[in-house]
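Chemist: Below are the chains, spelled out letter by letter.
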Amino acid sequence: MVERHLREGVKNLIRNSWMSVASVGAVAITLLILGATLLIAFNAQQMSQYVAGQLQVNVYLKQQITTPEVQQIVGEVQNMPGIRSVQYVSKEQGFKQLEQMIGNQYQQVLGGLSQANTLPDKLIVKAANPQDTVMVAKEIQVVPGVDKVDSGQQVVSRLLAFLAVLRNIGLAFVLGLLVTAMFLISNTIKITIFSRRREIEIMKLVGATDWFIRWPFLTEAMLIGFVGAAIPFTLLTLGYRSVFVRLGGVFPILTFPLLPVSAVATKLFGVMLLIGLFVGIWGGIMSIRKFLKV
Amino acid sequence: MIEMQNVWKDYPNGTSALQGISVHIGKAEFVYVVGPSGAGKSTFIKLMYREENPTKGEIFVNGFNIGRLKSRKIPLLRRSIGVVFQDFKLLPRLTAYENVAFALEVIGAHRQIKRRTIEALNWVGLADRADALPEQLSGGEQQRIAVARALVNNPTVIIADEPTGNLDPDTSWGIMKLFSRINDRGTTVVMATHNKEIVNSLRKRVIAIENGRIVRDVTKGTYDED
Numbered sequence: 060m061v062e063r064h065l066r067e068g069v070k071n072l073i074r075n076s077w078m079s080v081a082s083v084g085a086v087a088i089t090l091l092i093l094g095a096t097l098l099i100a101f102n103a104q105q106m107s108q109y110v111a112g113q114l115q116v117n118v119y120l121k122q123q124i125t126t127p128e129v130q131q132i133v134g135e136v137q138n139m140p141g142i143r144s145v146q147y148v149s150k151e152q153g154f155k156q157l158e159q160m161i162g163n164q165y166q167q168v169l170g171g172l173s174q175a176n177t178l179p180d181k182l183i184v185k186a187a188n189p190q191d192t193v194m195v196a197k198e199i200q201v202v203p204g205v206d207k208v209d210s211g212q213q214v215v216s217r218l219l220a221f222l223a224v225l226r227n228i229g230l231a232f233v234l235g236l237l238v239t240a241m242f243l244i245s246n247t248i249k250i251t252i253f254s255r256r257r258e259i260e261i262m263k264l265v266g267a268t269d270w271f272i273r274w275p276f277l278t279e280a281m282l283i284g285f286v287g288a289a290i291p292f293t294l295l296t297l298g299y300r301s302v303f304v305r306l307g308g309v310f311p312i313l314t315f316p317l318l319p320v321s322a323v324a325t326k327l328f329g330v331m332l333l334i335g336l337f338v339g340i341w342g343g344i345m346s347i348r349k350f351l352k353v
Numbered sequence: 038m039i040e041m042q043n044v045w046k047d048y049p050n051g052t053s054a055l056q057g058i059s060v061h062i063g064k065a066e067f068v069y070v071v072g073p074s075g076a077g078k079s080t081f082i083k084l085m086y087r088e089e090n091p092t093k094g095e096i097f098v099n100g101f102n103i104g105r106l107k108s109r110k111i112p113l114l115r116r117s118i119g120v121v122f123q124d125f126k127l128l129p130r131l132t133a134y135e136n137v138a139f140a141l142e143v144i145g146a147h148r149q150i151k152r153r154t155i156e157a158l159n160w161v162g163l164a165d166r167a168d169a170l171p172e173q174l175s176g177g178e179q180q181r182i183a184v185a186r187a188l189v190n191n192p193t194v195i196i197a198d199e200p201t202g203n204l205d206p207d208t209s210w211g212i213m214k215l216f217s218r219i220n221d222r223g224t225t226v227v228m229a230t231h232n233k234e235i236v237n238s239l240r241k242r243v244i245a246i247e248n249g250r251i252v253r254d255v256t257k258g259t260y261d262e263d
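Quick mapping for you: the protein sequence lines, in order, are chains F and P. Going by this note's numbering, the first residue of the first sequence is number 60, and it counts up by one from there. Going by this note's numbering, the first residue of the second sequence is number 38, and it counts up by one from there.
Please keep in mind that the hints were generated in silico from the structure rather than gathered at the bench. If you're wondering where the values come from, they're calculated on a predicted model, not measured in any experiment. Some clues are possibly wrong.
As the list claims (entries may be wrong) - Cut-off 27 Å, straight-line C-alpha distance, at most; resulting in silico cross-link-like pairs (DSSO-like, lysine-lysine):
| hint | chain 1 | residue 1 | chain 2 | residue 2 |
| --- | --- | --- | --- | --- |
| 1 | P | 151 | F | 263 |
| 2 | F | 263 | P | 83 |
| 3 | P | 64 | P | 107 |
| 4 | P | 126 | F | 349 |
| 5 | P | 93 | F | 263 |
| 6 | P | 257 | F | 349 |
| 7 | F | 249 | P | 126 |
| 8 | P | 126 | F | 263 |
| 9 | P | 233 | P | 126 |
| 10 | P | 83 | P | 110 |
| 11 | F | 70 | P | 151 |
| 12 | P | 64 | F | 263 |
| 13 | F | 349 | P | 83 |
| 14 | F | 70 | F | 263 |
| 15 | P | 107 | F | 349 |
| 16 | P | 233 | P | 257 |
| 17 | P | 107 | F | 263 |
| 18 | F | 70 | P | 126 |
| 19 | F | 263 | F | 349 |
| 20 | P | 126 | P | 83 |
| 21 | F | 249 | P | 110 |
| 22 | P | 110 | F | 263 |
Stated by the list, open to error - A few chain F residues that face chain P, going by a derived Cβ cut-off under 8 Å, partial list only:
| hint | residue |
| --- | --- |
| 23 | 262 |
| 24 | 264 |
| 25 | 265 |
| 26 | 306 |
Positions of the beta carbon are idealized from the N, C-alpha and C atoms, including for glycine.
Extracted from the complex, chain P is given alone in its bound form:
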């Protein structure tokens, strides 16, 4: 599913974000990526959907060789991945329904846009808010819409970068339950997070990154070293 072999990433400004990362994430796994700010978490995440290109090493995601992926093929990779962000990244002028349908429209899907969109909204429990604009929704609801958008293409991998970073604890749990259900239906979930409480309660595999290296990789781990 996701395979990294001795991956290095240097930025043009001289920062060395990743220094020899090797990891394997299998199908239907749920993985937390933890570590202090600036440790390389974001780079790690961005490499998976080819927002960044590795300086050295091999990355395979859903059978795509990230380092050698032609830019023409990047859209195909991204259609097999759903991405969720801390700031939701919804389009303010579009309704909840339109935001979700947008993901289908722009990849040129013609068939069943309506059915699939409503299905996704149902799945996150917001079918009744379909006509609301993002500003009329709470933070938690907005993130649910973003999750629905990430899911609507039936991706095999969901990547989330601090999805609860902007939400209060109660709302965060609602979102986490959503990711848990996504994982239950066989979708791989990779989540970068700072939320200690969640990581320690909803026990999953934990990959800790510090100074560009994996310092810990524990199944059913905790946020800090025990």
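Next up, chain F with everything else stripped away, as it sits in the complex:
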């Protein structure tokens, strides 16, 4: 029985091939955008978690500060509530880090500056709870001997807000497209139903059950949804893989690790398949209810 419905569904699909292609295309494009949006969303979530774990407060101390004074400040900060760690970076260490970051190319330029190192001494403070970073930064600000405090929080929260906007725009787009795809599918099924109305009439006369008559059309609709999901899934997975490989698995600007391909593929597969089938079934049911009088 299942075999027959599937066979008939495929037959329908091939018979009105142009409408099928259009419907599959609509679903595919919709899910391609949805999938791309999801890829960004998944990685944004990953990023925010990663960055939250990396959040630190850079505390710049005043110039010409003395070692005992530094020790006192370190002690004071360490005794504050909600502090996980305090690390002291002297101006010399800071210079070396800068040297490494900038690289060999500008070594000579730096070489001349090493005598006049104007970098401040620095404390790197981490809050026990990343959410408290800003609060901790504020408390440290008032400690005597502290010149400037930079929590980096603003950059992160701005970035996250930007990504959220991006995601919402994507989802709104997808919602509109889903409705379009649904109507296209239901239209395709409508055409199939009309082209087979004689067959349907005879099926009814000889005593086929309503569901027996409905299944091939529903199968056709589901196939449209399935193929429409499979195409963008394949494209996105392959595309993501090639980006992942090219970047070596790390996002270049914020240097957070990208989600591995397999994890992304699994999530995408589930979501896209479900939505594809749902759109197919819903579009199918719409036209079956409207045009298949059984």
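The hints should help you fit chain P onto chain F, whose structure is shown.
Modeler: The following block gives chain P in isolation, referenced to the frame of chain F:
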């Protein structure tokens, strides 16, 4: 077998097609339903296989109460009835064999589709045309295929709506012989027809309908009142 008690049928457009029909058609009977166009013959026929629902009154066909039949149960009623039409209603893309087998396939029969289909084709004398498409068959042959399709489920009742309406006299007789044989093996036959010659030659029970009422019901009757 078929029982109607004071059956009325009004259509939404205001037409009153049947006005108080009561009739009993027993097992293995052969009945002609005659009357002018628009008298209610078609409605009478359509009520029997639940293409239409009665507005009032009770109809029993093969033990099914038509007026109260749940739509889920309609297929079961129709599997106990074979229907033949003036325009054959064959599927043009399917061969003769496939057209007959279709009736078995779509009710979910799995077993012996081939054997039963060939048997039915044999019965109407067209086993040798099994692979022909409807367009390659004459009108009479197409109607035979339609009869084979109606028979293949072994129904207890065959309902025919003007089965010879599109056929020339000679061919019509061939089809009538087929219905006669169907009746001989114990199947009830109800046939709406305009064919005066046939009704008057092959004498059977005649039910005449005019203006939605049965005006005559005669065993071994004629097309017109004597």
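Chemist: Taking the hints in turn, state whether each one holds.
Modeler: Taking the hints in turn, this is what the structure says about them:
For the suggested pair residue 151 of chain P and residue 263 of chain F, the alpha carbons sit about 21 Å apart, so the restraint of at most 27 Å is met. With a C-alpha separation of about 13 Å, the suggested pair residue 263 of chain F and residue 83 of chain P falls inside the 27 Å cut-off, and the hint holds. With a CA separation close to 25 Å, the supplied pair residue 64 of chain P and residue 107 of chain P stays within the 27 Å bound. With a C-alpha separation of about 24 Å, the suggested pair residue 126 of chain P and residue 349 of chain F falls inside the 27 Å cut-off, and the hint holds.
Between residue 93 of chain P and residue 263 of chain F the alpha-carbon distance is near 24 Å, which keeps this suggested pair within the 27 Å criterion. Note on residue 257 of chain P and residue 349 of chain F: the hinted pairing is violated, with a Cα-Cα distance of about 47 Å set against a maximum of 27 Å. At most 27 Å may separate the alpha-carbon atoms for a hinted pair to count; residue 249 of chain F and residue 126 of chain P meet this at roughly 22 Å. In summary, the hint linking residue 126 of chain P to residue 263 of chain F is supported, as the alpha carbons are separated by about 12 Å, within the 27 Å threshold.
Restraint check for residue 233 of chain P and residue 126 of chain P: the C-alpha separation of about 24 Å stays at or below 27 Å, so the hint holds. For the proposed pair residue 83 of chain P and residue 110 of chain P, the alpha carbon gap of about 16 Å is at most 27 Å, so the pair holds. For the given pair, residue 70 of chain F sits about 22 Å from residue 151 of chain P by alpha-carbon distance, which is consistent with the 27 Å threshold. Under the criterion of a C-alpha separation no larger than 27 Å, the hint pairing residue 64 of chain P with residue 263 of chain F is consistent with the structure, at around 25 Å.
For the hint linking residue 349 of chain F to residue 83 of chain P, the alpha-carbon distance of about 24 Å falls within 27 Å, and the restraint holds. For the proposed pair residue 70 of chain F and residue 263 of chain F, the alpha carbon gap of about 20 Å is at most 27 Å, so the pair holds. For the given pair, residue 107 of chain P sits about 20 Å from residue 349 of chain F by alpha-carbon distance, which is consistent with the 27 Å threshold. Between residue 233 of chain P and residue 257 of chain P the CA atoms are separated by roughly 14 Å; this keeps the pair inside 27 Å, and the hint holds.
Proximity of residue 107 of chain P to residue 263 of chain F is assessed by CA-CA distance (about 15 Å); at most 27 Å being required, the pair is judged to hold. For a cut-off of 27 Å, the pair hint linking residue 70 of chain F to residue 126 of chain P stands: about 21 Å separates their Cα positions. Taking the CA atoms of residue 263 of chain F and residue 349 of chain F, the gap is about 17 Å. The hint holds against a cut of 27 Å. Proximity of residue 126 of chain P to residue 83 of chain P is assessed by CA-CA distance (about 16 Å); at most 27 Å being required, the pair is judged to hold.
The suggested pairing of residue 249 of chain F with residue 110 of chain P holds, with an alpha-carbon distance near 26 Å, which does not exceed 27 Å. Between residue 110 of chain P and residue 263 of chain F the CA atoms are separated by roughly 12 Å; this keeps the pair inside 27 Å, and the hint holds. The restraint placing residue 262 of chain F at the interface with chain P holds, with a minimum CB-CB distance near 5 Å, inside the 8 Å limit. Of the supplied interface hints, the one on residue 264 of chain F holds, with its beta-carbon coming within about 5 Å of a beta-carbon of chain P, less than 8 Å.
Below 8 Å, beta-carbon pairs count as interface contacts, and residue 265 of chain F has one with chain P at about 4 Å; its hint therefore holds. Evaluation of the residue 306 of chain F hint against chain P yields a violated restraint, the C-beta minimum of about 55 Å exceeding 8 Å.
Checked against the numbered hints given earlier, this structure breaks hints 6, 26; the rest are met.
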